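Let chain G serve as the given structure and place chain H on it in line with the hints.
Below are the chains, spelled out letter by letter.
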Amino acid sequence: MRIAMIGTGYVGLVSGACFSEFGVDVVCVDKDESKIKTLEAGGLPIYEPGLDNLVVANRRAGRLSFTTDLAGAVAEADAVFIAVGTPSRRGDGHADLSYVFAAAEEIAKALDGYTVVVTKSTVPVGTGREVKHIIANTRPDADFDVVSNPEFLREGSAINDFMRPDRVVIGIEGHRARELMRELYRPLYLAETPIIFTSLETAELIKYAANTFLATKITFINEVADLCERVGANVHDVAKGIGLDGRIGRKFLHPGPGYGGSCFPKDTLALVRTAQEAGAPLRIIETVVDINAKRKRAMADVVIETCGGSVAGKTIAILGLTFKPNTDDMRDAPSLDIVPALIEAGASVRAFDPVGMEEAKKLLSGVDWGDDAYATMQDADALVIVTEWNEFRALDLERVKRLLKSPILVDLRNIYEPREIVEQGFTYRSIGRPYPPRRD
Amino acid sequence: MRVAMIGTGYVGLVSGACFSEFGIDVVCVDTDADKIARLNRGETPIFEPGLDALIEANTKSGRLSFTTDLAAAVKAAEAVFIAVGTPSRRGDGHADLSYVYEAARQIAAALDGYTVVVTKSTVPVGTGQEVARVIREARPDADFDVASNPEFLREGSAIEDFMRPDRVVIGTESERAQAVMSELYRPLFLRETPIVWTALQTAELIKYAANTFLATKITFINEVADLCERVGANVQEVAKAIGLDGRIGAKFLHPGPGYGGSCFPKDTRALVATARDAGAPLTIIEQVVAVNDARKKQMAEKIIDACGGSVAGKTIAVLGLTFKPNTDDMRESASLDIVPALQDAGATVRAYDPEGMDEAKDLLNGLVWCADAYDAMTGADAVAILTEWNQFRALDLGRMKGLLKEPLMIDLRNIYNPAEMAAAGFRYTSVGRPENGI
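Chains G and H, in that order, give the protein sequences.
Residues in the first sequence are numbered from 785 upward in steps of one, following the working numbering.
Residues in the second sequence are numbered from 25 upward in steps of one, following the working numbering.
Same shape as in the complex, but just chain G (with noise of 0.2 Å):
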């Protein structure tokens, strides 16, 4: 079995490598020539945990390579995986498939043989049906069929991910297609994993829906956490209150100052595109998407409001600015509001992050960048954790103390035990856990 993966960003890397790793050739293809030298002397352009040791040892066996070639890749492919970007367009929400058509174009060109086209990529329903009519007008001799196989990856998980899925999800018509992505997932298979066959359009739909409904999810714990802080109840106690229960599940239910990253911000907003135009608005949805964009910048206030009304003329730490620990993925991350924001407030923003800082450094300007995590809290008049890496999960308080101008931390991620730093002499804020606790 061979195939081509067109697109080496995050999907397309972490797809290729792992198809590899299930002894299936894979040709990874992107028409950045930089970026396959890098690839081809052994650089990764993205950071994800084992994905390093995997595509050095596939390519030691010769079952993963790299190319700018398009047309050799597919000619020679049983299934062409279209994993290249689908970003947020600009102004309207709908996802740019500008890259997809383009891709379905050239492989069309470069069919040889029956071959299967995936969409891998995280696309709107109808995408599908859409490549099938480029490849047939392209190419009105081709013999193929198109599938939707959406990826369920969750940066820095995506390995584990995609060798132990919880399901995989197959949007297919006709016999062959069929059988040939059965073969493909055949190590899967064998591990009875669920494998879903449904339509094109329902799996198109499934990876959207599920990742919608994870967002509300955090979205609702969220405005749980804010009910908490009114009421002086504890969210981290309704969570696992609510958790417990079967039909709930605790997953996505830790509070924090809103949804980011490659995936929640862009697919909730196409979904809500998608459904405004085909006439069965997702209100739900909507609401969502309206409550975590004000939610990234109410953030801010909480800082500042922590600080005692005003950061003019302060000095702010700021522990983290990746959207979510292990990756140095800076979409849409809440940093980008806090810290905009906060610099707008008067205040001067001293940062740091174990990972993100390169990528950060393109997206944020007017910031003083720190070495590590004590340098930056130097001589700060407060300290704000933004995202939870496990180095920021035990300070040294004391030293905290001594750094720190005044024993102020804002933890939005809620990695600091209340009770503990309050009676250590902090000033502490957290998501919806007051303390101490309201009594009437």
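Source of the hints: derived by calculation from the structure; they are not laboratory data.
All figures in this text were calculated on a predicted structure; none of them were measured in a lab.
Among the hints, erroneous ones may be present.
[Said to hold, decoys possible] Chain G side only, calculated, beta carbon under 7 Å to chain H, not exhaustive:
id, residue
1, V909
2, E985
3, A994
4, I1032
We treat Cβ as the ideally placed atom computed from N, Cα and C, and that holds for glycine.
Showing chain H alone in chain G's frame:
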């Protein structure tokens, strides 16, 4: 251990009977002498599978009794549970707490020795503290603590839910009260049921947060179902695939005509009101309430559309009226919106429900009440399934075709397979699934 259970409604009776099954002496109290007389004669005023047998066995063994004498029951009890009704107050959606506070005053007057007063009814955040204040004011000398112990019972499986819960939530920071509550729940404790010990306000909020989350989950899939209809996707496959995601879970992803019942509509509205008052509006839940209210009304439109745009002069057979199967509960059932809207549109409605018709007769007028599903369909232009009672899941399609004027089914619970219905010669509309059954 002796317990007084104040209120013999749904929660009071089930909780009282289940605690007595644990081996605890339980006295159930109600001001309604008639109700108590019926209970003492062995009649159960509500329909809940297994409850009759449980009450009978524990009454016989002497651990469960019924009385109108609140004072005596409270005096002898180590724990007093408040399980009175908390209906939605007309107009503002707030829970009406007058029964709770009245119970608190009466309990206060009768307290004798250290007693834990437990709110079992679903009560808004802050009610427990107010109950404590009411009791302290009435009886400054009383030795008591207030705890919150919300119930998570589902009608139709309430006994099982009490005996094998996912978790027990107990809100109190008093060690003495914790000891009493531990003793009460010892059988569950021994079975390693997770017990969430927390503060009073947090326990109160947990009940609402759980119910409003589930209402959100249902409403989410209902909206996705509508989208599926527009884009030709199948909501059942969407639900299956997202439900396999361990972070989402398979439950409560069944699309339908909108949630009803005694809990979700009331609890969502109450939490919305609480949050607004607290200055932290829960915007998602507000949207869920609005979407669900609108949905129930839209379901009549769906039936009318399936009938070709008009039901004037037509007869519609309606199967199922209760808000879900295995209950006689009609509260906020979608049928209460759908049936009158069909009548307003000029339809005659022939209806049948296995358990709910007595209740339904108080709430719906002008229907033809039928003896069974087939009777309801006789001479009708279409059949609409509103509640998924088991007896409606395997109807004889051939017989139906003979009885109906038109072979047309609107299945608001997705209990038939579109492809099979098409093969049987029916025109078939369900929720969020392509009509040809891909």
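Results of checking the hints against the structure:
no., hint, verdict
1, V909, "5 Å, holds"
2, E985, "4 Å, holds"
3, A994, "4 Å, holds"
4, I1032, "6 Å, holds"
In the structure shown, no violation is registered for any of the earlier numbered hints.
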